[in-house]
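K.L.:
Sequence:
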Amino acid sequence: MAEVRLPKRIMNSGGWCQGCGHGVVVRLIAEVLDELGVADKAIAVEDVACGSMSMSGVLNCDAIMAAHGRPIPVANGAKGARPDSIVYAHLGDGSAYSIGSAELVHTALRGDNMTVIVVNNTVYGMTGGQMAPTTLPAEKTASSPKGKDADRYGVLNVVDLIGKLNATYIARGEIYDVASTAKTKAMIKKAFQNQIDNKGFSLVEVLAPCPTNLHMTPVQCKEFVHTEATKFFPLGEFVDK
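Residue -5 is where the sequence shown starts when you use our numbering, and the numbers rise one by one after that.
Just to be clear, a hint being listed does not mean it is correct.
Here are the simulated EDC-like pairs of lysine to aspartate or glutamate, each with C-alpha atoms no more than 20 Å apart in a straight line [claimed, not checked]:
(1) Lys193 / Asp234
(2) Lys184 / Glu25
(3) Lys177 / Glu29
(4) Lys183 / Asp234
(5) Lys225 / Glu133
It is worth saying that the hints were derived from the structure and are not from the lab. For clarity, every value in this text was computed on a predicted model and none was experimentally measured.
All chains should be modelled from the sequences, with the hints used to inform the complete structure.
P.N.:
Right under this line is the structure:
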């Protein structure tokens, strides 16, 4: 019996919290892979955190679950072993910019031919809502219940971290409304096209809501990301070689 596939590689609704941005990002990735005609040779490398739920029957492609913070080096290894595959790492801001920051920096420094998608919701998601490198000043989290101390902690911007290294493409989008989501999809599509064309390292950061850990309604959290997070994380294409 032939396998029954739902449109655009999405197999079911996943297990994300209401209002979470991860599901929208996965949908955009699925659409891009189909539109570029590379879905059948795609390999997704997921973190063990919220993004990993796209492996649970949601995204219909080969997938590897990496240790927390290690999707980028695992994806790099998969690309080396299967250079004809389209390999991407899908992880959150805490994973990419904290525990996985060394791997991120050196992969960008080498300009390795791969694609990285980072979902930035300014907080650690699945591990309990702790303060992340991207948490905004005065933002309350599980580990900063009185608000992040702006005098002690800065806010990490990935463009500042790797923008002057050897990346081919670095962009940041959001999924606030139809227009912004379409722009973000175009960024993701360019990042994958760069890999197809062997141009090197591409990273797209997507600003996304996390209503559960930020203790907001989905609508409130979407507005928070759109109005407050963008003050520290401006949208656009920052490196495009």
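K.L.:
So which of those numbered hints doesn't the model satisfy?
P.N.:
none
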